[in-house]
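A.B. asks: Protein chains in written order, with this note's numbering: chain A, 49 to 290; chain B, 49 to 290.
It should be emphasised that the hints constitute simulated quantities derived from the structure, not laboratory data. Bear in mind the structure is a predicted one, so any value in this text is a computation, not a measurement. Careful, some of the hints might be misleading.
Because identical chains cannot be distinguished in the list, a pair is counted as satisfied if it fits within a single copy or across any two copies.
List of simulated lysine-lysine pairs, DSSO-like, C-alpha gap at most 30 Å [what the hints assert, rightly or not]:
#, residue 1, residue 2
1, K144, K214
2, K193, K96
3, K96, K220
4, K119, K190
5, K90, K190
6, K90, K193
7, K51, K90
8, K51, K119
9, K119, K144
10, K216, K96
11, K216, K193
12, K220, K190
13, K193, K220
14, K216, K51
15, K190, K96
16, K144, K220
17, K214, K96
18, K96, K144
19, K276, K193
20, K90, K119
21, K258, K90
22, K216, K90
23, K96, K258
In case you want the letters, here they are:
Number of protein chains: 2
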Amino acid sequence: MAKIYVVGIGPGSYENMTQRAQQALAECDVIVGYTVYIDLVKEHFPGKQMLTTPMRREVERCRLAFEEARKGQTVAMICSGDAGIYGMTGVMEELKAEYPGVVLETVPGISAVISGAAILGAPLMHDFAVISLSDLLTPWEKIEKRLDCAAAADFVICLYNPSSHKRKDYLKRACEIVLRHAAPETVCGIARNIGREGEGITVLTLSELKETEVDMFSTVFIGNSQTKNIGGRMVTPRGYTI
Amino acid sequence: MAKIYVVGIGPGSYENMTQRAQQALAECDVIVGYTVYIDLVKEHFPGKQMLTTPMRREVERCRLAFEEARKGQTVAMICSGDAGIYGMTGVMEELKAEYPGVVLETVPGISAVISGAAILGAPLMHDFAVISLSDLLTPWEKIEKRLDCAAAADFVICLYNPSSHKRKDYLKRACEIVLRHAAPETVCGIARNIGREGEGITVLTLSELKETEVDMFSTVFIGNSQTKNIGGRMVTPRGYTI
Numbered sequence: 049m050a051k052i053y054v055v056g057i058g059p060g061s062y063e064n065m066t067q068r069a070q071q072a073l074a075e076c077d078v079i080v081g082y083t084v085y086i087d088l089v090k091e092h093f094p095g096k097q098m099l100t101t102p103m104r105r106e107v108e109r110c111r112l113a114f115e116e117a118r119k120g121q122t123v124a125m126i127c128s129g130d131a132g133i134y135g136m137t138g139v140m141e142e143l144k145a146e147y148p149g150v151v152l153e154t155v156p157g158i159s160a161v162i163s164g165a166a167i168l169g170a171p172l173m174h175d176f177a178v179i180s181l182s183d184l185l186t187p188w189e190k191i192e193k194r195l196d197c198a199a200a201a202d203f204v205i206c207l208y209n210p211s212s213h214k215r216k217d218y219l220k221r222a223c224e225i226v227l228r229h230a231a232p233e234t235v236c237g238i239a240r241n242i243g244r245e246g247e248g249i250t251v252l253t254l255s256e257l258k259e260t261e262v263d264m265f266s267t268v269f270i271g272n273s274q275t276k277n278i279g280g281r282m283v284t285p286r287g288y289t290i
Numbered sequence: 049m050a051k052i053y054v055v056g057i058g059p060g061s062y063e064n065m066t067q068r069a070q071q072a073l074a075e076c077d078v079i080v081g082y083t084v085y086i087d088l089v090k091e092h093f094p095g096k097q098m099l100t101t102p103m104r105r106e107v108e109r110c111r112l113a114f115e116e117a118r119k120g121q122t123v124a125m126i127c128s129g130d131a132g133i134y135g136m137t138g139v140m141e142e143l144k145a146e147y148p149g150v151v152l153e154t155v156p157g158i159s160a161v162i163s164g165a166a167i168l169g170a171p172l173m174h175d176f177a178v179i180s181l182s183d184l185l186t187p188w189e190k191i192e193k194r195l196d197c198a199a200a201a202d203f204v205i206c207l208y209n210p211s212s213h214k215r216k217d218y219l220k221r222a223c224e225i226v227l228r229h230a231a232p233e234t235v236c237g238i239a240r241n242i243g244r245e246g247e248g249i250t251v252l253t254l255s256e257l258k259e260t261e262v263d264m265f266s267t268v269f270i271g272n273s274q275t276k277n278i279g280g281r282m283v284t285p286r287g288y289t290i
């Protein structure tokens with residue numbers, strides 16, 4: 049039976065992969081992925097066949113995986129973080145009907161909302177919203193509405209894709225929307241290069257975040273009204289009496 | 049240096065832990081946790097000292113971990129899923145100042161929002177909100193407001209703690225709030241006993257979900273306006289042209 053594992057490899061380092069993900073990569077015949085992610089895993093699987101497609105060729109990459117599986121190969125399709133959060137499982141599930149006999153299995157991974165929170169402290173002890181600021185596939189008005197509603201409901205907010213060359217001011221715009229409901233002193237955090245060289249965090253206020261430029265390797269957290277800065281750590285109390 | 053690893057053990061099975069989590073448990077002197085989670089890991093670490101406290105003794109459990117660390121033990125404090133999502137990292141970060149010299153490191157794990165999505169299909173290809181229906185530590189009015197705002201903004205919604213003995217009708221009430229904004233045909237999913245014996249999924253409509261009772265080992269997903277049921281799988285399109 050032709051099989052494709054859709055594998056989340058986590059933030060980057062091999063030890064942050066689950067055992068199940070490591071096994072899927074070890075057992076498969078061919079690993080398919082975006083060039084940057086292949087570079088992260090290839091040293092651990094010397095001699096394994098690797099197929100890559102560049103950025104913006106996501107659907108093509110998914111079809112490549114199905115074509116390999118149809119040839120009888122066991123395929124691992126890799127995504128950074130988790131394949132199920134803004135990843136490739138969606139296209140894979142949509143294409144599946146075109147390739148009868150191919151079985152899909154998603155192997156979960158550590159997404160940036162989780163790995164970023166782990167290095168910042170404990171921002172996600174309460175209800176939270178995850179929003180991508182990329183408007184490549186989503187109208188900006190929809191993103192804006194989600195930011196507005198999430199802030200109005202006092203969610204902790206985690207922002208994926210907070211910046212790119214073409215969207216330098218999007219984080220500032222996002223902060224301005226959140227500031228309609230949240231105090232300028234709201235505690236925020238930036239997690240950079242999670243699990244990779246150059247890993248680092250900054251804990252700052254929402255008004256400071258508004259004036260901060262981040263790069264595309266950053267994940268941004270905006271606290272709720274209860275979030276505290278405890279010694280440089282971002283902590284949202286769950287509500288226990290300490 | 050006294051050290052505590054706060055470790056997310058994932059959905060249950062050993063292979064769904066990251067290598068880093070497995071290493072932390074292997075290297076520590078003592079594992080601290082809620083009885084049920086200790087039972088999930090103890091067979092893999094025979095002879096290791098294990099300390100447990102029952103449910104509702106969370107702060108006590110955290111202090112136990114700090115007391116052990118203060119004795120010079122390396123401690124692993126375990127949580128199911130990820131320790132950073134409604135887990136113990138918050139209390140640990142809040143208590144840390146009382147125990148100078150103890151170093152905390154959070155080791156991320158696969159939370160139910162990720163492991164549940166993986167078995168349901170691809171519900172989280174777009175912005176999503178995670179909301180706990182437990183009102184033990186949160187006023188119901190705040191939960192209601194978050195449900196209302198998340199639905200108004202067309203977020204995919206993931207519900208933790210959708211049911212308990214005392215809160216049998218909370219899921220129904222949550223669905224009624226979402227139905228103010230979402231169509232009765234909105235595609236929803238239930239993931240049960242993720243990564244454990246009895247694992248299973250149901251994909252159904254929001255109006256069907258409203259009439260369904262789930263148990264406390266379930267995680268519930270409510271799709272956005274674009275989410276589809278593709279052959280019994282819950283799939284939210286990211287927006288790529290297929």
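A.B. asks: Each hint: holds or not?
C.D. replies: Structure-based check of all given hints:
For the homomeric pair K144 and K214, neither the shortest alpha-carbon distance inside one copy (33 Å) nor that between copies (42 Å) is at most 30 Å. Taking identical chains as interchangeable, the C-alpha atoms of K193 and K96 are never at most 30 Å apart, the minima being 45 Å within one chain and 51 Å between chains. Taking the closest pair of Cα atoms, K96 and K220 never come within 30 Å of each other, the shortest separation being 44 Å inside a single copy and 50 Å across copies. In this homomeric assembly, K119 and K190 never come within 30 Å of each other (Cα to Cα): the closest approach is 41 Å inside a single copy and 53 Å across copies.
In this homomeric assembly, K90 and K190 never come within 30 Å of each other (Cα to Cα): the closest approach is 38 Å inside a single copy and 47 Å across copies. For the identical chains of this complex, K90 and K193 are neighbours neither inside a copy (41 Å) nor across copies (47 Å), given an alpha-carbon limit of 30 Å. Taking CA atoms no more than 30 Å apart as the test, K51 paired with K90 passes inside one copy only; the shortest distance there is 21 Å, against 33 Å between copies. For the homomeric pair K51 and K119, the shortest alpha-carbon distance inside one copy (11 Å) is at most 30 Å, but the shortest distance between copies (50 Å) is not.
Proximity of K119 and K144 under a CA criterion of 30 Å is satisfied intra-copy only: 15 Å inside one chain copy versus 55 Å between copies. In this assembly of identical chains, K216 and K96 lie within 30 Å of each other by CA distance neither inside one copy nor across copies; the values are 39 Å within and 51 Å between. Only within a single protomer do K216 and K193 lie at most 30 Å apart by alpha-carbon distance; the minimum there is 20 Å, versus 32 Å between protomers. Taking the shortest alpha-carbon separations for K220 and K190, both the intra-copy value of 17 Å and the inter-copy value of 27 Å come in at or below 30 Å.
Proximity of K193 to K220 under the C-alpha cut-off of 30 Å is found in both arrangements, the shortest distances being 15 Å within a copy and 26 Å between copies. For a Cα distance limit of 30 Å, the shortest separation of K216 from K51 qualifies neither inside one copy, at 41 Å, nor across copies, at 40 Å. In this homomeric assembly, K190 and K96 never come within 30 Å of each other (Cα to Cα): the closest approach is 42 Å inside a single copy and 51 Å across copies. For the homomeric pair K144 and K220, neither the shortest alpha-carbon distance inside one copy (39 Å) nor that between copies (33 Å) is at most 30 Å.
Taking identical chains as interchangeable, the C-alpha atoms of K214 and K96 are never at most 30 Å apart, the minima being 36 Å within one chain and 53 Å between chains. Taking the shortest alpha-carbon separations for K96 and K144, only the intra-copy value of 25 Å comes in at or below 30 Å, while the best inter-copy value is 45 Å. Taking the shortest alpha-carbon separations for K276 and K193, both the intra-copy value of 26 Å and the inter-copy value of 22 Å come in at or below 30 Å. Within a single copy, K90 and K119 get their C-alpha atoms as close as 23 Å, which meets the 30 Å cut-off; across copies the closest is 42 Å, which misses it.
Proximity of K258 to K90 under the C-alpha cut-off of 30 Å is found in neither arrangement, the shortest distances being 38 Å within a copy and 47 Å between copies. Taking the closest pair of Cα atoms, K216 and K90 never come within 30 Å of each other, the shortest separation being 32 Å inside a single copy and 49 Å across copies. In this assembly of identical chains, the alpha carbons of K96 and K258 never lie at most 30 Å apart, being 45 Å within a copy and 48 Å across copies at closest.
Hint compliance for this structure: hints 1, 2, 3, 4, 5, 6, 10, 14, 15, 16, 17, 21, 22, 23 are broken, all remaining hints hold.
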